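Modelling step: build the complete structure from the supplied sequences, incorporating the hints.
Number of protein chains: 2
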Amino acid sequence: MIKTVEWTDAGVRFIDQTKLPTEETYVTCKTYEEVADAIRTMIVRGAPAIGVAAAMGVALGVRNSQAPGLAALKRDLNHICDVLAATRPTAVNLFWGIRRMKDKFDEVSAQPIPEVRRALVAEACQMLAEDIAANESMGKHGAGLLPSRGSILTHCNAGALATCGYGTALGVIRAAVDSGKKLHVFAGETRPFLQGSRLTAWELLKDGIPTTVISDNMAGTMMRQGRIDAVVVGADRVAANGDVANKIGTYTLAVLAKENGISFYVAAPFSTVDLDTPDGSQIPIEQRSSKEVTHIAGKQITPDGVGVENPAFDVTPHQYVTAIITERGVVRAPYNESLRALAPVETASK
Amino acid sequence: MIKTVEWTDAGVRFIDQTKLPTEETYVTCKTYEEVADAIRTMIVRGAPAIGVAAAMGVALGVRNSQAPGLAALKRDLNHICDVLAATRPTAVNLFWGIRRMKDKFDEVSAQPIPEVRRALVAEACQMLAEDIAANESMGKHGAGLLPSRGSILTHCNAGALATCGYGTALGVIRAAVDSGKKLHVFAGETRPFLQGSRLTAWELLKDGIPTTVISDNMAGTMMRQGRIDAVVVGADRVAANGDVANKIGTYTLAVLAKENGISFYVAAPFSTVDLDTPDGSQIPIEQRSSKEVTHIAGKQITPDGVGVENPAFDVTPHQYVTAIITERGVVRAPYNESLRALAPVETASK
Numbered sequence: 001m002i003k004t005v006e007w008t009d010a011g012v013r014f015i016d017q018t019k020l021p022t023e024e025t026y027v028t029c030k031t032y033e034e035v036a037d038a039i040r041t042m043i044v045r046g047a048p049a050i051g052v053a054a055a056m057g058v059a060l061g062v063r064n065s066q067a068p069g070l071a072a073l074k075r076d077l078n079h080i081c082d083v084l085a086a087t088r089p090t091a092v093n094l095f096w097g098i099r100r101m102k103d104k105f106d107e108v109s110a111q112p113i114p115e116v117r118r119a120l121v122a123e124a125c126q127m128l129a130e131d132i133a134a135n136e137s138m139g140k141h142g143a144g145l146l147p148s149r150g151s152i153l154t155h156c157n158a159g160a161l162a163t164c165g166y167g168t169a170l171g172v173i174r175a176a177v178d179s180g181k182k183l184h185v186f187a188g189e190t191r192p193f194l195q196g197s198r199l200t201a202w203e204l205l206k207d208g209i210p211t212t213v214i215s216d217n218m219a220g221t222m223m224r225q226g227r228i229d230a231v232v233v234g235a236d237r238v239a240a241n242g243d244v245a246n247k248i249g250t251y252t253l254a255v256l257a258k259e260n261g262i263s264f265y266v267a268a269p270f271s272t273v274d275l276d277t278p279d280g281s282q283i284p285i286e287q288r289s290s291k292e293v294t295h296i297a298g299k300q301i302t303p304d305g306v307g308v309e310n311p312a313f314d315v316t317p318h319q320y321v322t323a324i325i326t327e328r329g330v331v332r333a334p335y336n337e338s339l340r341a342l343a344p345v346e347t348a349s350k
Numbered sequence: 351m352i353k354t355v356e357w358t359d360a361g362v363r364f365i366d367q368t369k370l371p372t373e374e375t376y377v378t379c380k381t382y383e384e385v386a387d388a389i390r391t392m393i394v395r396g397a398p399a400i401g402v403a404a405a406m407g408v409a410l411g412v413r414n415s416q417a418p419g420l421a422a423l424k425r426d427l428n429h430i431c432d433v434l435a436a437t438r439p440t441a442v443n444l445f446w447g448i449r450r451m452k453d454k455f456d457e458v459s460a461q462p463i464p465e466v467r468r469a470l471v472a473e474a475c476q477m478l479a480e481d482i483a484a485n486e487s488m489g490k491h492g493a494g495l496l497p498s499r500g501s502i503l504t505h506c507n508a509g510a511l512a513t514c515g516y517g518t519a520l521g522v523i524r525a526a527v528d529s530g531k532k533l534h535v536f537a538g539e540t541r542p543f544l545q546g547s548r549l550t551a552w553e554l555l556k557d558g559i560p561t562t563v564i565s566d567n568m569a570g571t572m573m574r575q576g577r578i579d580a581v582v583v584g585a586d587r588v589a590a591n592g593d594v595a596n597k598i599g600t601y602t603l604a605v606l607a608k609e610n611g612i613s614f615y616v617a618a619p620f621s622t623v624d625l626d627t628p629d630g631s632q633i634p635i636e637q638r639s640s641k642e643v644t645h646i647a648g649k650q651i652t653p654d655g656v657g658v659e660n661p662a663f664d665v666t667p668h669q670y671v672t673a674i675i676t677e678r679g680v681v682r683a684p685y686n687e688s689l690r691a692l693a694p695v696e697t698a699s700k
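From first to last, the protein sequence lines are chains C and R.
Using my numbering, the first residue of the first sequence is number 1, and each one after it goes up by one.
Using my numbering, the first residue of the second sequence is number 351, and each one after it goes up by one.
FYI, nobody ran anything at the bench for these hints, they're computed from the structure.
What you are looking at is a predicted structure, and each value in this text was computed from that prediction instead of being measured.
Please note: incorrect hints may appear among the correct ones.
Listed next, the stretches of chain C that the computed footprint assigns to chain R, with coverage defined by at least 3 CB atoms under 8 Å from CB atoms of chain R [said to hold, decoys possible]:
| hint | segment |
| --- | --- |
| 1 | 192-198 |
| 2 | 214-221 |
| 3 | 242-253 |
| 4 | 295-303 |
Here are the simulated lysine-lysine pairs, DSS-like style, with alpha carbons at most 30 Å apart [as the list claims (entries may be wrong)]:
| hint | chain 1 | residue 1 | chain 2 | residue 2 |
| --- | --- | --- | --- | --- |
| 5 | R | 369 | C | 182 |
| 6 | C | 30 | C | 74 |
| 7 | C | 3 | C | 181 |
| 8 | R | 608 | R | 369 |
| 9 | R | 353 | C | 299 |
| 10 | R | 641 | C | 206 |
| 11 | C | 291 | R | 641 |
Every beta carbon over 12 Å from chain C, so not counted as near; a handful from chain R, in silico [said to hold, decoys possible]:
| hint | residue |
| --- | --- |
| 12 | 378 |
| 13 | 420 |
| 14 | 445 |
| 15 | 459 |
| 16 | 464 |
| 17 | 467 |
| 18 | 472 |
| 19 | 482 |
| 20 | 495 |
| 21 | 649 |
| 22 | 683 |
Every residue, glycine too, gets a C-beta built ideally from N, C-alpha and C.
Spelled out as structure tokens, the structure:
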């Protein structure tokens, strides 16, 4: 089992995703600032994983705080949360994870400070366990959507490495394979950061699921040749109307899938669904360093002086989404209704 | 002026496109085998450029031949042509260039052997001059299709570096800019070989045409945001019905353009039109080494043992093509009629 995020006495431990697939190394962050850096530099990435990573960062920061009393600790908590919230803007799980830690703090703040600290660590660890359970549940709900034999295209990495284990999109594929389906995966390499070739291929290879890496440019022709039976991707944020922010290139795959009559599924835990954001146009899209585009593995591939853009995500309008697979069930259009119906009562009625 | 291909007394000289944009170096091929290697390894690439490169390879091989008489020289010619024809399968210009050299040989074979040799060199040099003239003419025909102000997306490199100068798709953009239009170019990086980021950006920067490099995954979102006003690409082979084989990823851009109501233009000299191939399904698609996908700049990006595919081209069905820009004029659907109407009488009636 790949340990993407782990709480240890020494700090929060991550498999270093910037070094995969050629080096399997681990990083232990001893302060919340180091956790924030790990999120920012994509040592840890994937919406569900960074939600839990941020929660563990909060627990770590509060544990390390020298605050003399509850009021000071609360001030520290707020600062820690602000720093972690500023790391990446698109994945809503980050804000969800931080919010949940703040709520837990408030819930337990009548207790002695050592108890508050313990409760926050326990809450973050609980979120990790819940994430894995959600992915397994998503897998059970989604497996039936995939054909009993065929090829599934995925994008970026929505696997064990994007979560605390098992994966969202790859969890659905794993569950389908575990149920006896004979599936082959096409992994789009996912420029610029190459999560598909570096991470998805690595973890599926470990599981013995047959995988073929292609450049992102090749997905269209594979679809047109009838070689792709379904597309399954993860999400960084799902708006209330079902619009999906996910890794750049997802919209392209959704358009190609529609054009070729192929089902396009999104697998995401309910913590990725943001009912407070009405549609995709309201989702902030992170622009990352141009160096991710201009250089690969330290080698310059564009001439000096040329312009570069690097939006890390795009928005796929809900019209292209065949179904959204969550741990609470599979929903279809109209998403404004079907997503809200899955929400706990207090959220749905707010 | 960039000299992509050049005849010199020492041999055929190429700018080494595998070294750009960080090194501007030149390679002189002294034998036809070296020319074949340069085509195979993509020191020279781009359909029109490799047509002329192959013709110069034929001229070089015949010049160097030790054949004692015409019959032996003809046997050498056929062997030289077979070696050059086996370098790359998709771009029809390669076969067109070789065919034209064989026809010239037959035409002049009554002359003394030194004259035959001179005639072949002259023919290859004539083809180079004609290629530049065709591109300039294509530019004049196509410039009017582009908006007076806006952003044009192109793919791969269909510029001076893909031809003997000026370019096909980039020739149209250059002509539009020369006519006073205010254009900005989005250059898709074009994985796996990165012709967009390495070559298109490099040559447009030299011309002072504002250019932004994006990963191929970003084109869709740029279109959806209304930031792309037209797409112009080159071609490696245009079938009689207007289906277009071009660099892998072209089909994806055509589908995205259609979905977003954006014009999709193909610029190609008539030597790229293959009236003997009825439709795109008959065009052979080159599969290149998996290493182009698994490694970038010598650095491994996929784990050992995973499957890889690397089709170098795809086919865009004619339904997606707004117009085809040739040196003989701009044609639109139905392409079966409009393309044939441009052919010289002997081809059209065959």
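Item to complete: Sort out which numbered hints this structure fails and list those numbers smallest first.
Response: The structure breaks hints 5, 8 and 21; every other hint is satisfied.
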